Each structure stands twice: as C-alpha cells, then as structure tokens.
Amino acid sequence: MSNATRGHAVVVVCERTAPAAARVEGWLRDTGLNADAWYAPRDVDEVDRLVREGGIQAVVFPDAQALLHEVWAGRVPLAHWLAAQTQIRFVSGPPFPDEHWLGALADSQARWRRVHRRRQIIGGVTLSLVALAAAFLLSWLAGGPTRI
Amino acid sequence: MRAVVMFALIPVLAWVGQSLLLRRAGLPVRRRLSARDLPGVVKQWNRAVLYVGVAAVLLGYPVLRGTTPAAYYAQCFPAGPPVRQLLWGVAASTLYLVLLYLAWLITDNIRLEVRHGARRLAQRLAGVPLLAAGVAFVEELLFRGVLLRDLMDSMPAAGALVLASVIFALAHYVRAVKRYWTFPGHLALGGLLCVAYWRTGALWLPIGLHAGGILILAGIRPFIRYVGPAWLVGASIFPYAGLVGLVALGLLTANVWIRFGGTP
Numbered sequence: 000m001s002n003a004t005r006g007h008a009v010v011v012v013c014e015r016t017a018p019a020a021a022r023v024e025g026w027l028r029d030t031g032l033n034a035d036a037w038y039a040p041r042d043v044d045e046v047d048r049l050v051r052e053g054g055i056q057a058v059v060f061p062d063a064q065a066l067l068h069e070v071w072a073g074r075v076p077l078a079h080w081l082a083a084q085t086q087i088r089f090v091s092g093p094p095f096p097d098e099h100w101l102g103a104l105a106d107s108q109a110r111w112r113r114v115h116r117r118r119q120i121i122g123g124v125t126l127s128l129v130a131l132a133a134a135f136l137l138s139w140l141a142g143g144p145t146r147i
Numbered sequence: 000m001r002a003v004v005m006f007a008l009i010p011v012l013a014w015v016g017q018s019l020l021l022r023r024a025g026l027p028v029r030r031r032l033s034a035r036d037l038p039g040v041v042k043q044w045n046r047a048v049l050y051v052g053v054a055a056v057l058l059g060y061p062v063l064r065g066t067t068p069a070a071y072y073a074q075c076f077p078a079g080p081p082v083r084q085l086l087w088g089v090a091a092s093t094l095y096l097v098l099l100y101l102a103w104l105i106t107d108n109i110r111l112e113v114r115h116g117a118r119r120l121a122q123r124l125a126g127v128p129l130l131a132a133g134v135a136f137v138e139e140l141l142f143r144g145v146l147l148r149d150l151m152d153s154m155p156a157a158g159a160l161v162l163a164s165v166i167f168a169l170a171h172y173v174r175a176v177k178r179y180w181t182f183p184g185h186l187a188l189g190g191l192l193c194v195a196y197w198r199t200g201a202l203w204l205p206i207g208l209h210a211g212g213i214l215i216l217a218g219i220r221p222f223i224r225y226v227g228p229a230w231l232v233g234a235s236i237f238p239y240a241g242l243v244g245l246v247a248l249g250l251l252t253a254n255v256w257i258r259f260g261g262t263p
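Chains as they are written, first to last, in numbering that gives the first Met the number 0: chain C, 0 to 147; chain V, 0 to 263.
A couple of the hints might just be wrong.
Here are the in silico distance ranges between beta carbons for each label pair [claimed, not checked]:
#, chain 1, residue 1, chain 2, residue 2, range
1, V, Arg30, C, His79, 32 to 38 Å
2, V, Gly39, C, Ala132, 44 to 50 Å
3, C, Thr16, V, Val82, 33 to 39 Å
4, C, Asp44, V, Ser18, 31 to 37 Å
Anything over 10 Å on all C-beta distances counts as not near chain V; from chain C, calculated [what the hints assert, rightly or not]:
#, residue
5, Asn33
6, Gly73
7, Ala82
8, Gly92
9, Trp111
Simulated coverage check for chain V against chain C, where a stretch passes if three residues somewhere in it have a Cβ under 8 Å from a Cβ of chain C [stated by the list, open to error]:
#, segment
10, 90-100
11, 138-145
12, 242-250
It is worth saying that the hints were derived from the structure and are not from the lab.
On a predicted model such as this, the values are computed, not experimentally measured, just so you know.
Here a beta-carbon is modelled for each residue, glycine too, at the ideal position from N, C-alpha and C.
Extracted from the complex, chain V is given alone in its bound form:
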C-alpha cells in the first residue's frame, strides 16, 4: 500500500505548489487544483510541479522496495514475443474506435468539421503520435507498473484491480474539469488497462491499448463535432464515456481476457 500513500501525496504537492505560485502572482489561493483563468506562467509551473511529483513516485517507489528503477521497470517489459502485445493493443483500440466513429458518422451522431486553420491543424496533428506514446508510457508506468503491482502484492487480484481502476479514474478529476459525467468511462478504461496488465504480467499490452486510443481520439478530434446525445456517444475526447463507449470497453476487456493467458 506504499504506492497509494505516494499517489495521495502528488495532489497535495500540486496544491501546495499552486498555492505558492498564486500567492507569488498576487492571486487568491484556491481550494481546488484548477487551471482555469490562470496566467500562462503559473500554468506552466503548475505542470512542472506535477511532473516532479510523478517523477518522484516513479523513481522513489522502486528505491523504497530496495531496488533500482531500471531493475524494477525492466520486469514490466519482458523481451521477445510479448513485445507484439504492444502492436495488438494499438490495433485493437484503433479498430474499435474507427468502427464506432464510422457508425456514428453514418448515423449523424458526429459530423466532419475541421476545427482549426491549416497551420494549427498541422501542428496539432504532428504532436499526436508523441502525445499518445508519452502519455500512455508514463500513465502505464505509474498506474499499472507502480500502483497495480503494489496493490497486487498486498491484496487479492480482484480487489487490486478494482481499487487501481478507481484510483486511475479519480486521478482524472483531481483538477477541476469541464465534465464529471465521464467518470464511469474512466473507471471502465482503468478496468481494461488493469486487466490487460494482470493477464499479461507486462506493460506492453496496456501501453499499446492506451496509446492506440489516444492516437485515434486526438487524431480525429480536430475533424469532428459531436451532434448526437452525449449519453449515447460521449463528447469531445471522451467517446468511451457514453453508453456505447462503455459497452465497447467491456467488450475489449473481454477480448483481452479471452486472448491473453492469465497471471504469469
């Protein structure tokens, strides 16, 4: 349970950092972590503080377990055939999302609409692969490589999977956000990624699933507008938070469960 305590310290560190930065900028301290209406420089430093917190957990947790980060994380990335799980994950997320977007396009639940000028669009699209790889890699190290692994050492697998999924979902709402109804979607997504780690004992598959999802969501987002009911198809970068998205995450979890061989 050491990881849970370390995780809980990240928002505390981020809040203290935000409060100090706000005071220094002559602005009132906020009760919640929120980037809304903050000056650009405060936002950047807030982000930097958060990254320091994440890095401290990623590097500090293996040391607390009496090993080095390199040795600890090497166990999460077995060489050889499991590497192909990464590709399977990317392909599976892509397949689900592309087919759903097609279905929604045909039924006028989303519309094609370019949201930015050519230059901004090119900039955004150019950054998508790096964003997908970076976010998936760091979040999987953190939530599956540290948190889930730690929980599985101290409780039965089922409890660890549920608790890790809940913490993963909650972590997306520590900062004030625009939408809260997306919580079940994050919970189901956390469940999928936890099951992927549990069934393979490696981070290849969760990283592949996660990166494939971000790649499609962020890559398609500038070209579409949601016009269907949010409860059915979700909104923005959260198509997995609508009813269909939740079913999709359930089916993909079943795919992972069936295709991958259980705890190593």
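For reference, chain C alone in the conformation it holds in the complex:
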C-alpha cells in the first residue's frame, strides 16, 4: 500500500509494478492530474474507506474491467462512491459510461447487496448454529475430567 493518509484528492488503484502502471503514469502526465497516492487493488478497501470519509475527489483505474472486478468482488460499493460525488476515471478501454447508466448499475448493485446481505445473515446464522452444536458435542464427548 502507498503511504496514503486522509485527504487525498486523486488516487490510483493499480499495482505499481503492474504492466498497466506505465500507461497510468502516461495518462496522468497527459491529463495534468497529480496522483496523491497509489493503491494496489488488494487495498481497495482502504480507498473505499477514504471515499466514504469524503477525502477523495477522483479514483483512477487502468480500465473499466479493473473497476468492475472490484465491484463484483464486493469491495467497491458504487452507490456510496457516487453519493460521495467521487469521480471514477479510466485510463483506457471503452469510454467512461454515461452517468445515468452508471447510476443504474449502482442501484442494481445496491439492490443485489441488500438481498445478498439477507442471505449471508440467514445462512450464516443457520450454519453457524449447526457448526457450534457440532463443536460443542464433539468437545463434550472428547475426553472427560477423569481421563484428562
């Protein structure tokens, strides 16, 4: 992770050593943007935290696939990013989608996340109870005070 702290205006989500890094640097030079910090994709959680705190003006991704990969992995909640008025910029690939289209995608993701969260809770509670019952019984049966 970079040495980022709060209050960054522009951050890049790209591995510094990745082949795309040179492309991103070239694009930053061409557009006159200064990246305040670079984050590896595995640290995008930290970018999300900064976005929610309102400390990020723009997040630059090498391409749309890089953003969508994080969206599907559940690490980038698009609706929150749009609500924070954070700009999302792509260095290459298909042109940046129309704002309405991106809004629709964010709404859809937010709906999916709500449904998924319900499933996580119901499934998590149910299977956790089964796991706990199994662990309790096995620990109860495995060796007693007289044998240990």
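Given chain C's structure and the hints, the job is docking chain V onto it.
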C-alpha cells in the same frame, strides 16, 4: 490485590517510556499509548519497555510473595495427566474455529483471498506457531498465573473471575487500537480462560485454548477476507467478537465447565 497494582504500573511505565522516546526523537508527547505513525525505532523501544514491564511483574510478583519465580510457576504446571489438558485445549479451540470458518465460507460471510505474495506469506506462516505458543504462554502466566491467582486469594472465586476477565479485556485497549467494538469478545475470551484455570487449577488448559485460537486465527488470516456483517461474524483476527463468536465462547466455556472437575 498486589498483582492489580503491579498490573496498573505496566501502562504507566509504557507511557513514560513512550514520552521519553518521543521527546528524544523530537516528536510531541501523546496523551495515549499509540504506535500510529511512530518511527520504527521508537516502536521497537516502546515494545522493549513493555516487555520489561511484563517481565518485572512476572519475576517480581513471586518474590513479593516470598518465593522464587521457579517455585511459584511450577505450581501452575503440575506434571502427569494434566499435561493432556494442553492438547484438549488446542483441539477444542481449533474445532470451534475451523467449523465456524467453514460455515461462514459456505454462506459467503468470508471469502478465500490470498492477501500477500508467496515470500511474505511463507514468512508470516512460519512465525505463526511460535507466535501462538509465545503469546499464549506469556499472557496466561500474566493474567491467570499472576492476576487471577492473586485475586482468588483475596476474594470469592466469582468476583475474582469477573474482575480478572475485565482486566484482561481492558489490557487489550490500553494502547489506541483500530476497533473498540471487539471489547465484549475480549471479555468473553477472558471469561473462558479464567474458568479454564479455575476448573483445573493449572495453566495447561488455558494455554492450550489460547494457543489453539491464535494458531487458527493467525494461520487463516492471510487467506480470508470478511464480507459478512461484523456484528455477526466479527472481523480481522476477531471472529470471536461477533455475535456468533460470543455464543461460541459461551459454549466452549460450558464445555470446559462440564468436562473439568472444579477447583482443586
């Protein structure tokens, strides 16, 4: 209650040490113990001061009681069959944690995701057994071998168990930390380990439970990411701080209570 006073002096010593080190480094003194944004060398010396404080309590307390450390701690480690309690403890913590992680993996509350490169991962994993054994051994000597034993000498067992659990939990928050909502988890963990000592009169079982827990938590941490609600499954190395984790600690405490025979 001598142990409580000695325990209270550890953070005071650590704070004085931190303040002196910060001054020497030309940095402002902090009101709280905090490692955040400190230069590496200050962090290392801070740690060294803390270790000196812990060692002073571990060695000084038996002397205050008029005995030698070796003779005092030997009573906490009876030889023979009780040694098997260590293995039972490791197995029980492992069983609970592994089954819970499996349940959470199936229900997408955690995801498999390697968090480091191969070299760093190997380094971290290689250190896990030593970390588990070392942390469990030192913390159990300190919190159960010194603190709980001292409290049990001066008050009824129930009061001693509660107070020792509270101090154990508070000790994890003396330094500024990222998460404070994990406090009930530390409290329940303290309760489990105190009950384990109380029921067996030895440190074998608490060390086994503690070491087994750290072994699994630290061993699995580099491979998973929490995606479920923190109130349900916890976060980071604190799965025991979520609702399910608290229930698990309660059940494991019941296991210990049932299986081990009471005060010696």
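task: List, from low to high, the hint numbers that the structure doesn't satisfy.
output: 3, 6, 11
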